[in-house]
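A.B. asks: In case you want the letters, here they are:
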Amino acid sequence: AQSVAQPEDQVNVAEGNPLTVKCTYSVSGNPYLFWYVQYPNRGLQFLLKYITGDNLVKGSYGFEAEFNKSQTSFHLKKPSALVSDSALYFCAVRDDDKIIFGKGTRLHILP
Amino acid sequence: DTAVSQTPKYLVTQMGNDKSIKCEQNLGHDTMYWYKQDSKKFLKIMFSYNNKELIINETVPNRFSPKSPDKAHLNLHINSLELGDSAVYFCASRSRGNTGELFFGEGSRLTVL
Chain A
1 AQSVAQPEDQ
11 VNVAEGNPLT
21 VKCTYSVSGN
31 PYLFWYVQYP
41 NRGLQFLLKY
51 ITGDNLVKGS
61 YGFEAEFNKS
71 QTSFHLKKPS
81 ALVSDSALYF
91 CAVRDDDKII
101 FGKGTRLHIL
111 P
Chain B
112 DTAVSQTPKY
122 LVTQMGNDKS
132 IKCEQNLGHD
142 TMYWYKQDSK
152 KFLKIMFSYN
162 NKELIINETV
172 PNRFSPKSPD
182 KAHLNLHINS
192 LELGDSAVYF
202 CASRSRGNTG
212 ELFFGEGSRL
222 TVL
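Quick note, the sequences are listed as chains A and B, same order.
Residue numbers for the first sequence follow this note's numbering, so the first one is 1 and each next one is one higher.
Residue numbers for the second sequence follow this note's numbering, so the first one is 112 and each next one is one higher.
No wet-lab data here; the hints were simulated from the structure.
Nothing here was measured: the structure is a model prediction, and the numbers come from that model.
Please note that a few of the clues may not be correct.
[As the list claims (entries may be wrong)] Cut-off 30 Å, straight-line C-alpha distance, at most; resulting in silico cross-link-like pairs (DSS-like, lysine-lysine):
hint, chain 1, residue 1, chain 2, residue 2
1, B, Lys120, B, Lys151
2, A, Lys22, B, Lys163
3, B, Lys155, A, Lys49
4, B, Lys163, A, Lys58
5, B, Lys163, B, Lys182
This is chain A alone, in the form it adopts within the complex:
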């Protein structure tokens, strides 16, 4: 079965600094990987996906993610964090018709 792991429960970053939220995956075959963001009391919003092609994928709100096959990772990145980026971030993988989510990483951007 496909799965993703998010090793960090929480990440704290100062505003203006680069941020990274980590995700590793375990799949058989080619992975379909996603990042979603959840703001308080809201539903999840799609940020970006990797299907095939370039290892660096760009998404919404200035986020990007780097697919690394040798390290089985798909880390979410942003060059300069904003306070408004503070939210819960989920990595996800597609397993046939299922989208399986990691446990989430809470991102705090400190002013």
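Chain A is already provided as a structure; the job is to place chain B on it using the hints.
C.D. replies: Showing chain B alone in chain A's frame:
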């Protein structure tokens, strides 16, 4: 227009009661899902329907019964509510032909007393 809408947003009820949550999407998607998010924010898939046909049932207790009258609607009925059913339930949809990104509703917070 809200793409995926759920009602009610909040639901407080007593143990043993029966309740329903409704979901509608106006995106023209073929596939709809129910996810449960617990107090630790873990998201667990429960059910999925494609064009009114059940395609995923993740060993959810049979007190939970999804119903899809058409591909734009997926409702969730819960019988004999238990304390452990307290959670936020999210409806989501996606186009079957796409690579998998989901569109989520805003969630329905169920509290069982």
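A.B. asks: Each hint: holds or not?
C.D. replies: Hint check results:
1. The straight-line distance between the Cα atoms of lysine 120 of chain B and lysine 151 of chain B is roughly 19 Å, inside the 30 Å bound, and the hint therefore holds.
2. For the hint pairing lysine 22 of chain A with lysine 163 of chain B, the CA-to-CA distance comes to about 37 Å; that exceeds 30 Å, so the pair is violated.
3. The suggested pairing of lysine 155 of chain B with lysine 49 of chain A holds, with an alpha-carbon distance near 20 Å, which does not exceed 30 Å.
4. The hinted pair formed by lysine 163 of chain B and lysine 58 of chain A fails the criterion: a straight-line CA distance of about 34 Å is larger than 30 Å.
5. Distance check on the hinted pair: lysine 163 of chain B and lysine 182 of chain B sit about 5 Å apart at the alpha-carbon level, within 30 Å; holds.
Violated hints, listed in ascending order, are 2 and 4; each of the other numbered hints is respected by the structure.
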